[in-house]
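**Q** Same order as they appear, the protein sequences are chains A and B. Going by the working numbering, the first sequence opens with residue 1005, and the numbers climb by one from there. Going by the working numbering, the second sequence opens with residue 34, and the numbers climb by one from there.
If you're looking for bench data, these hints aren't it; they were derived computationally from the structure. Among the hints, erroneous ones may be present.
[Stated by the list, open to error] Quick list of in silico lysine-lysine cross-link-like pairs, DSS-like style, CA-CA up to 25 angstroms: (1) A:K1132 / A:K1101; (2) A:K1039 / A:K1101; (3) B:K96 / B:K71; (4) A:K1202 / A:K1132; (5) B:K131 / A:K1155; (6) B:K71 / A:K1155; (7) A:K1181 / B:K183; (8) B:K71 / A:K1181; (9) B:K122 / B:K79; (10) B:K71 / B:K131; (11) B:K79 / B:K101; (12) B:K67 / B:K123.
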Amino acid sequence: MSRNITRQKGEMVTFMLNGAQVQADPNWSLLEAAKFYGLYIPTLCYDEGLTPYGVCRLCVMEVGSGDRTKLVASCMHPVIEGLEVRTHSNRVIKTRKMILELLIARCPGSKKLQDMASMLELKEVRFKPLNDDCILCGLCVRMCEEQMMAKAIGYAGRGTDRYITTPFDMTSEECRKCGACMYICPACELRCQGPEAKTTLCSGCLNTEAVCAAKYDDAMCFMVPCLSCVKRPEDVK
Amino acid sequence: MTIDESRLDSIIDEYNAEQGSLISILQDVQAEYKYLPKVALEYVAKQLDIPRVQVFGVATFFKAFSLKPKGRQQIHVCMGTACHVRGSKKVLEEFERKLGIEAGGTTKDGEYTLETVNCVGACALGPVVVNNEEYHGQMTPIKVESLLKKA
Ligand code: SF4
Ligand code: SF4
Ligand code: SF4
Ligand code: FES
Ligand code: FES
């Protein structure tokens, strides 16, 4: 990434992260700084190897102090000297949950979204599920362009009709069938109950027992530990 | 379909084959063919050295561009708020019935294209129908037939 090349040694930015004074490389985004200090910030459209895009808004943080605070997408926001940043304020948590609720309503079948729902303790989805298979995070498009140098897929349409496609909606000559787009897609991996699940929110997040464990005798999520699956009954409100 | 590459070349040259002029180039191409033929888009992409998918994205982004051939008569039925409350839906349905196509479609003989628009700025005259730049106010389902005859 070009940002690393412009980095100058020794020169650091000091700012307040959740009330603690911290230092960061001036080329970092708030998200990179927070990750460096070990904080878990949920993200969906961000990937270390790709240009940040700032569309999922899950990485929101509250910046500023007193009454003059605002929410920003931390993956796109630079670290600034003296900035006051909060990564887990009530406003941030409420907003993140709302965004995730909307995303899950769009793609209830995605395992990544469902696991994130357990992690953020999302308890209900009040919107009508759309059962779509894409949240328009743009990871596949950037992956194809920036890492695979293929530029085989992109966006078409606008607004609510926007979708990911190949040129002219036809099999694309540019595509090398490398599969990188599917590998990075947060909506491609389906949750244990598959696409036909009866509930919008994975029941694993509401029950004390992992549904997958009941079905397969083993919990199936090894990549991201599913918090709801290890919850004790008394933890569930 | 075959296209006249020299005609496209002259459009592209007018803008010095600049990538930033893609929209203007597409507008001129559309003016030439009344829509954006796939071959023409591919040619433009090649000449400007822009990924095909990006040209496709721009062509589908703007409502003014069409990838499907349009009819000689382009009928736009206003579905804006003012026209809607005055019954534009009935007018549209009558057009659909008479032409045997749905909004967005073109008749088989290539004569009519039926489309909806959101407010053409003549709300006091609603429901408004625009036929090839010609405005018809206070439309009713009954007037549809005579409008089609006139056209
Ligand atoms: S499989 Fe095709 S579309 Fe997907 S990243 Fe590879 S080249 Fe791009
Ligand atoms: S297909 Fe997957 S990776 Fe691509 S935009 Fe949609 S959700 Fe994101
Ligand atoms: S049942 Fe548990 S482990 Fe399986 S997808 Fe749902 S939350 Fe994850
Ligand atoms: S990760 Fe920042 S907006 Fe998606
Ligand atoms: S709503 Fe039809 S012209 Fe304004």
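**Q** Decide, hint by hint, whether the structure agrees.
**A** Outcome of the hint check:
| no. | hint | in the structure |
| --- | --- | --- |
| 1 | A:K1132 / A:K1101 | holds (16 angstroms) |
| 2 | A:K1039 / A:K1101 | holds (20 angstroms) |
| 3 | B:K96 / B:K71 | holds (17 angstroms) |
| 4 | A:K1202 / A:K1132 | holds (13 angstroms) |
| 5 | B:K131 / A:K1155 | violated (44 angstroms) |
| 6 | B:K71 / A:K1155 | holds (18 angstroms) |
| 7 | A:K1181 / B:K183 | violated (54 angstroms) |
| 8 | B:K71 / A:K1181 | holds (23 angstroms) |
| 9 | B:K122 / B:K79 | violated (43 angstroms) |
| 10 | B:K71 / B:K131 | violated (30 angstroms) |
| 11 | B:K79 / B:K101 | holds (21 angstroms) |
| 12 | B:K67 / B:K123 | violated (29 angstroms) |
Hint compliance for this structure: hints 5, 7, 9, 10 and 12 are not met, and every other hint is.
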